[in-house]
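So the protein lines, in turn, are chains A and Y. My numbering applies: residue 152 is where the first sequence begins, and numbers increase by one. My numbering applies: residue 25 is where the second sequence begins, and numbers increase by one.
What you were told as hints is all true, and nothing was included just to trick you.
Once the Cα atoms are required to be at most 35 Å apart in a straight line, the calculated DSBU-like pairs of lysine-lysine come out as:
1) A:Lys270 <-> A:Lys345
2) A:Lys375 <-> A:Lys270
3) A:Lys225 <-> A:Lys287
4) Y:Lys114 <-> A:Lys287
5) A:Lys287 <-> A:Lys270
6) Y:Lys114 <-> A:Lys290
7) A:Lys264 <-> A:Lys290
8) A:Lys225 <-> A:Lys264
9) A:Lys290 <-> A:Lys270
10) A:Lys264 <-> A:Lys345
11) A:Lys264 <-> A:Lys375
12) Y:Lys27 <-> A:Lys191
13) Y:Lys114 <-> A:Lys375
14) A:Lys264 <-> A:Lys287
15) Y:Lys27 <-> A:Lys225
16) A:Lys375 <-> A:Lys290
17) Y:Lys114 <-> A:Lys225
18) A:Lys264 <-> Y:Lys114
19) Y:Lys114 <-> A:Lys345
20) A:Lys287 <-> A:Lys345
21) Y:Lys114 <-> A:Lys270
22) A:Lys290 <-> A:Lys225
23) Y:Lys27 <-> A:Lys264
24) A:Lys191 <-> A:Lys225
25) A:Lys345 <-> A:Lys375
26) A:Lys225 <-> A:Lys375
27) A:Lys345 <-> Y:Lys27
According to the in silico footprint, chain Y covers these stretches of chain A (three or more CB under 8 Å from chain Y):
28) 159 to 168
29) 302 to 315
30) 346 to 356
31) 367 to 375
Derived from the structure by calculation, the hints contain no laboratory data. A virtual CB, placed ideally from N, CA and C, is assigned to each residue, including glycine.
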Amino acid sequence: MTQLEVLRYNPETDQEPRFQRYEVPFRDDWVVLDALNHVKEALDPTLSYRWSCHMAVCGSCGMMVNGEPKLACKAFLRDYPGVIRVEPLRHFPIERDLVTVIDDFVAKLARVKPWLMPKEPAPAAGEYQQTPAQLKRYKQFSMCINCMLCYAACPEYGLIPEYLGPAAIALGHRWNRDSRDGGREARQQELAAKEGVWDCTFVGACSEVCPEHVDPAAAIQQVKIESTVDWYQAHLMPWLKK
Amino acid sequence: MSKPYVRPITSEWIFRHPRYLRYMAREFSCLFIGGWTVLMVWGLKQLSEGPLAWQAFLELLRSPASIALHLLTLAFATYHSITWFNLTPKALPLPFIAAAHYALWGVVSVIVLRAAF
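With the rest of the complex left out, here is chain A:
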């Protein structure tokens, strides 16, 4: 058996959250999500949390496991000796138990226009052509599953709620680096703003906690450099502007 300490919050009755302990069977192949499912099915059906795929693809089950942002489906019980403390993702308001209010992230994601804005009209026949080298330029940033672990790890986002944040910037950068895309100028308004990349002080925690090995910290610093080059070109070499 192993002990699970889960942060509970019922918006209808509670003034503030409280921890509740559950004893769950210990199995070598169980992840924290299995333990939560066991609690829900066998011990306490009132426990609320988000999950869907159970295979680190959907990005729904992000939560704090012993203080670290983790996907509950990727956090094995065997890696946590002692009581396992499970809390909702940090920096997001708690809706109920382990469910957070993610409206802020969803709105920010839309602001960076994370979709293809074609540079040229689509080919009349067949698909866009892209070389492996062109694919490699953006591939790792396209692996983001919007799980928001990076937002929970980022102290800047905690201190400055207006900050656009790691995943949104990485996804904007992902499209900027795509050979088919011509939407960089439209995204710069958000990415190059103070609340965009310039609120980042390069803590680097986002890249450390990413379950898909995306490197949002790298994306942010690259946008900083590109935006700086833009500024110098506009102010020192205005004749270069089309």
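Following the hints, complete the assembly by docking chain Y onto the known chain A.
Below, chain Y without anything else, positioned relative to chain A:
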């Protein structure tokens, strides 16, 4: 009636994981580097005020407290440089970019040391 609970932000996050302490150490190091720069500017001012003021400034630099402060500043400056150099490949994904920074650091250090001694 739903009322989401907003958890307060405290400075507790600094101690939550070693990565945040390392980050704070890197940020903290700039205070020493900045302080040393102010000391150098003050030295220039003393130099402009004549040999007596300059000698007094040099005496001050030779005091044990000053030497201890300089060693501490050197340690922080080294930590600051190493942490930033190691991060350069993220910002500039070019081959050997971190190595180039270390090489340049070495060359500049040798030139400065040769000029000083």
